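**Q** Generate coordinates for the entire structure from the input sequences, incorporating the hints supplied.
Just so you know, the sequences run in chain order A and B. Sequential numbering of the first sequence, starting at 5, is according to the working numbering. Sequential numbering of the second sequence, starting at 11, is according to the working numbering.
Among the clues, some could well be false.
What the hints assert, rightly or not - Below, computed lysine-lysine pairings styled on DSS-like, alpha-carbon distance capped at 30 angstroms:
{"id": "1", "chain 1": "B", "residue 1": "Lys-269", "chain 2": "B", "residue 2": "Lys-297"}
{"id": "2", "chain 1": "A", "residue 1": "Lys-301", "chain 2": "B", "residue 2": "Lys-156"}
{"id": "3", "chain 1": "B", "residue 1": "Lys-364", "chain 2": "B", "residue 2": "Lys-662"}
{"id": "4", "chain 1": "A", "residue 1": "Lys-194", "chain 2": "B", "residue 2": "Lys-196"}
{"id": "5", "chain 1": "B", "residue 1": "Lys-721", "chain 2": "B", "residue 2": "Lys-269"}
{"id": "6", "chain 1": "A", "residue 1": "Lys-268", "chain 2": "B", "residue 2": "Lys-179"}
{"id": "7", "chain 1": "B", "residue 1": "Lys-181", "chain 2": "A", "residue 2": "Lys-274"}
{"id": "8", "chain 1": "B", "residue 1": "Lys-150", "chain 2": "A", "residue 2": "Lys-335"}
What the hints assert, rightly or not - Okay, the calculated bits of chain A under chain B, using three or more residues with CB under 8 angstroms as the criterion:
{"id": "9", "region": "233–239"}
{"id": "10", "region": "284–297"}
Keep in mind that the hints were calculated from the coordinates and are not lab data. Note that the coordinates shown come from a computational prediction; the quantities given were computed from them, not determined experimentally. From the three backbone atoms N, C-alpha and C, an ideal C-beta is built for every residue, glycine too.
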Amino acid sequence: MPWFGMDIGGTLTKLIYFEPSDMMELEQQGEKETLKTIHRYLVGNIAYGNTGIRDTHLEMSNQQIGGKKGTLHFIRFPTSEMNAFINLAKSKNFSTLACAICATGGGAYKFEMEFKQRINLTLHKFDELDCLIKDRNFPLECYYWKDADSDKPNSSNKVPFDFHNPYPYLVVNIGSGVSILAVRGPFDYKRVWGSSLGGGTFLGLCCLLTGCTTFEEAIALAAEGDSHKVDKLVKDIYGGDYSRFNLKGATVASSFGQMNIEEKREQASKSDLARSTLVTITNNIGSIARMVATTEKIDKVVFVGNFLRVNTISMKLLAYAMEYWSDGALKALFLEHEGYFGAMGCIMEYVSMSQNFSNIN
Amino acid sequence: MSSTDKRYATSIDLPTEDVFRNLQNACHFAVDIGGSLVKVAYCSKLHRKTSHVRDHKEDNNSIYQILEEDGYTRRLHFIKFETKYLHQCLDFIRGHLMQSKEFMLEKKNIKATGGGAHKLDKEDEMECLINGRSGVSFVKVESDTKYERIGGTSTGGGTFWGLGSLLTKAKTFDDLLELAEKGDHKKVDMLVRDIYGGEYSTIGLTGDIIASSFGKAARTDKENVPCYKDEDVARSLLLSISNDIGQLASLYCRLHQLKKIYFGGYFIRGHPLTMHTISFAINFWSKGEIQASFMRHEGYLGAIGAFLKGAEEEDTERYTWGENFAGCSGLSSSNPLLDSRERSSTFDMLELDKLEKMLQPCSLLLDPNSYLPDTVDLTTDTAAREYWIDCFSNSVDKTRDQALASQTGPDVKERAEAFKQKYLQRLQELNDNPCAYGSLTVRSLLDTSSHCLSDCLFTDPYSQLKHTENEQALKCLPQLLCKLDGLSLEELQLSLAKGLLAGNVFDWGAREVVDIMENQDFGFIEAQDKLQERPWLCDNYEEWHQRLQDKPHKCAVIFVDNSGADIILGVFPFVRGLLRRGTKVILCANSRPALNDVIYSELLILVKRVAEISPDIQTAYENGTLMVMDTGQGSPCLDLRLINFELVELMKKQEADLIVIEGMGRAIHTNFDAAFSCESLKVAVIKNRWLANRLGGDMFSVVFKYQKPQKIIAAKS
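**A** As structure tokens, then:
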């Protein structure tokens with residue numbers, strides 16, 4: 005029985021813990037003290053070590069997985085802290101469990117040996133793209149931003165989207181980098197595009213530009229900033245709209261286009277820089293997603309990945325850009341558990357795999 | 011030509027004289043002072059020696075008189091340099107512009123823009139095409155007049171510079187590029203390997219691929235403040251933006267079903283790493299289907315269009331402008347160690363010469379859009395490139411001596427030596443970076459030599475030699491015609507073909523032939539003996555002979571090659587044969603001198619001299635069945651995309667149904683594979699051992715390629 009699903013990305017590791025409702029069953033199974041200790045530790049805290057965090061608002065109770073009922077807990081920590089995680093697991097006697105954890109993401113390969121050697125834990129590896137599309141909860145938690153407008157950022161609202169007839173759709177997974185998958189059926193998907201300009205780029209640039217230390221900090225800075233102090237707009241070049249090519253005066257002509265001038269640099273605050281970085285990366289992803297969607301002839305684009313966590317600015321920008329530049333033909337969709345699809349899919353993969361096993365037996 | 015300018019040059023150590031050439035004769039002048047780059051454009055009145063031939067027999071020994079005259083033409087200059095050099099350059103510019111009588115007299119058309127350029131200048135930047143000064147625009151171009159902006163991105167040169175200024179200590183755009191050259195992006199970027207520990211093989215991503223630009227700079231805790239080198243950050247930035255542009259370009263191509271992308275604009279500015287990254291991205295994302303090309307003088311597109319509009323408003327449609335290879339700068343070498351000439355990255359220069367004629371594509375081409383004149387692309391054919399660069403380097407002394415002998419005067423020696431140095435330097439540059447001047451072909455190498463000569467005021471070094479050879483050949487003509495008249499029709503036709511070939515042996519452009527001609531008494535008979543025996547290397551004589559049994563052609567257009575025996579003993583008898591069959595003939599010669607090729611003004615006189623010998627020629631010339639035209643070109647090769655529009659009109663009017671192209675330059679180096687909608691005959695003797703061997707023959711191998719009209723085969727769509 006899988007209790008854990010883990011998605012080890014370039015920047016963040018996402019961990020899902022399944023807490024069975026009936027703990028008695030656990031004991032009957034003779035599943036020792038260790039598991040209880042771990043259980044108490046995970047559920048009893050909302051922060052682990054210096055950097056581990058449990059997203060309590062995402063917690064899902066009364067879930068049915070592999071024939072058992074229970075609660076799903078969502079935990080994340082920086083991949084750079086993997087060593088601390090392993091130490092923690094060791095201190096909680098994880099090794100005596102001698103069980104397997106299903107894992108996906110690049111780190112499942114990178115850290116495989118370390119898990120085995122140090123805490124005798126076998127990683128059941130699943131392909132991250134397979135995992136990304138395996139979540140059954142898609143339909144329940146899909147939403148879009150209604151009336152997104154770049155001029156009035158606060159006007160739009162989250163509206164649920166009925167995703168029961170999903171196919172075909174595009175998944176734009178914005179983690180450290182960006183992967184775009186075209187999904188045409190439950191088992192029919194293909195990675196059609198990718199970009200190295202993703203969440204890692206946003207955070208990396210923000211850290212360099214503003215000295216911030218976390219994603220949350222970077223987003224908070226961006227929320228207060230004004231990118232117009234940093235970017236060069238169409239109206240800065242043409243004095244107004246450039247009607248000949250249907251470009252609005254407020255359109256960004258050159259991201260960071262004013263920053264080659266020293267006085268302008270002095271006038272720009274850290275938050276302005278963070279905002280411009282966020283807008284640049286988001287718009288770039290939006291353009292790519294829009295063109296890929298058009299060439300693939302797909303009109304539903306689902307944006308996932310931890311870049312979107314606590315990041316309504318980007319979501320609304322994407323929603324607006326997709327709608328505006330496609331003349332309303334494309335719809336940008338988002339999911340509540342934006343960053344945990346890999347980890348969840350990985351549990352699902354494991355379940356379906358073991359069910360197939362028991363069927364054969 | 012700039013000996014009086016020394017006092018300005020001494021105050022600064024920039025090569026301003028080489029950069030702002032002929033500024034003292036500028037008439038229109040425009041300067042655009044941007045934050046990073048200054049663009050200067052001006053139109054200068056250019057002193058040229060032009061050689062004329064005059065039909066005055068002052069004594070009986072001379073068939074015509076050669077005169078060298080001072081002439082003037084217009085040249086457009088476009089120069090681009092970093093703003094940091096502005097003050098030094100302005101002194102020079104001010105000093106020289108004041109000297110320009112024309113400029114002071116006309117007192118008009120100073121266009122100073124910059125800063126708020128849009129507010130001052132009315133020219134619409136976009137109309138003139140793409141200009142990637144800050145962001146990037148993607149413009150789909152369907153024809154000269156039909157284009158549309160299909161999209162853009164704000165992540166371009168401005169972003170590189172802006173972010174670079176924030177993240178590093180670099181002050182200028184070029185400083186940033188220099189930093190990027192030295193950096194290691196792997197210190198800053200997160201690679202696939204960093205995430206997977208190796209490659210992500212299921213989707214074919216190798217470990218080296220960048221998974222997340224700047225991903226390693228993303229901090230996750232408050233301790234461990236990492237420190238990144240400026241070089242590494244600059245490189246990561248350059249790669250991420252180049253990659254992104256390449257990706258978006260591929261997507262736009264896919265969206266609009268386009269196969270070719272041309273990159274221009276400020277960001278790229280000939281920078282090898284940038285071009286390499288963009289090409290790589292496009293190749294990767296289009297799976298090799300889309301071809302990326304870069305413009306050598308990127309950033310001028312807007313300027314040229316605007317300036318032409320302003321400077322030549324009244325007659326811009328009536329001229330064509332041709333690049334002066336001698337005065338233009340090339341791309342820097344892809345290997346920075348090899349690039350000792352800093353100039354190309356500091357000053358970028360483009361010069362366009364006004365050509366006398368309006369030029370148009372030849373109407374006899376099967377498909378002008380797919381026609382490419384050049385047979386071999388020397389940027390890709392390494393062996394050929396090495397051979398030809400070597401070959402031209404070795405013959406530069408002969409060319410210099412020829413130039414020296416063609417003129418008198420105190421500075422001739424200095425100028426001849428200047429020519430040699432200039433051409434050798436260019437050849438060296440091309441050897442280091444074959445793409446430095448865009449496409450590289452035998453034609454461009456030959457043309458560069460002509461331009462360098464002309465730039466050193468050697469207009470027609472071969473004029474005397476051509477004169478002498480024409481004279482000698484004319485003396486042999488009566489006897490030859492008499493001999494031909496005694497032949498049977500069968501023999502005559504083969505003799506005419508062979509004569510055409512034998513004449514073509516005489517070529518002062520072919521080094522190995524020059525050696526023979528200089529060292530022995532070499533006549534038309536000897537030349538015929540040198541010719542390869544039949545079957546020739548390319549031998550369609552039977553088909554040609556067969557064709558001559560059939561009804562005559564309406565009109566033959568003949569592009570002629572050398573002076574002397576070639577034109578007089580080879581071409582004219584052949585022309586006479588055609589005329590006698592009732593075929594009209596248009597003889598086409600170059601407008602401007604190149605090597606010992608016969609030029610239009612000479613041909614006009616030669617045809618009269620031949621007419622004095624041959625009644626057939628006389629009658630035909632008088633009644634208009636023999637016509638003489640100029641091609642509008644001045645190259646030993648032939649680019650049928652741009653020939654004199656009057657010639658094109660005449661071809662149409664006379665319903666030309668046969669095109670004859672003669673000589674190595676016109677029928678081998680160029681046009682060998684050209685397809686025509688009418689019958690074509692390509693005739694040449696290969697006077698270069700290396701080339702002959704390469705084509706599977708030996709020295710003096712013969713190409714006699716006759717083809718029926720070709721048809722467009724519908725391409726599979």
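**Q** For the region 284–297 of chain A, do at least 3 residues have a Cβ located nearer than 8 angstroms to some Cβ of chain B?
**A** holds (count 7)
**Q** Between Lys-269 (chain B) and Lys-297 (chain B), is the straight-line Cα distance small enough, at 30 angstroms or below?
**A** Answer holds: Lys-269 (chain B) to Lys-297 (chain B) is near 12 angstroms, not above 30 angstroms.
**Q** Between the region 233–239 of chain A and chain B, are there enough contacts, at least three residues with CB-CB distance under 8 angstroms, for the coverage claim to hold?
**A** Coverage by chain B holds for the region 233–239 of chain A (3 residues, Cβ < 8 angstroms).
**Q** Decide if the proposed pair is consistent with the structure: Lys-150 (chain B) and Lys-335 (chain A), CA atoms, cutoff 30 angstroms inclusive.
**A** Holds. Lys-150 (chain B) to Lys-335 (chain A) sits at ~27 angstroms (cutoff 30 angstroms).
**Q** Measure nothing beyond the straight line between the CA atoms of Lys-194 (chain A) and Lys-196 (chain B); if it is 30 angstroms or shorter, mark the hint as holding.
**A** Answer holds: Lys-194 (chain A) to Lys-196 (chain B) is near 28 angstroms, not above 30 angstroms.
**Q** Under the criterion that the straight-line Cα-Cα distance not exceed 30 angstroms, is the pair Lys-301 (chain A), Lys-156 (chain B) satisfied?
**A** Cα-Cα ~27 angstroms, so holds.
**Q** Under the criterion that the straight-line Cα-Cα distance not exceed 30 angstroms, is the pair Lys-721 (chain B), Lys-269 (chain B) satisfied?
**A** Satisfied, since the Cα-Cα distance of roughly 24 angstroms is no more than 30 angstroms.
**Q** Keeping to a limit of 30 angstroms between CA atoms, is the pair of Lys-268 (chain A) and Lys-179 (chain B) held or broken?
**A** holds, 16 angstroms
**Q** Would you mind confirming whether the straight-line C-alpha gap from Lys-181 (chain B) to Lys-274 (chain A) stays at or under 30 angstroms?
**A** holds, 21 angstroms
**Q** Would the hint linking Lys-364 (chain B) and Lys-662 (chain B) be met if the CA-CA limit is 30 angstroms?
**A** holds, 26 angstroms
Hint check: no violations occur; every hint is consistent with the structure.
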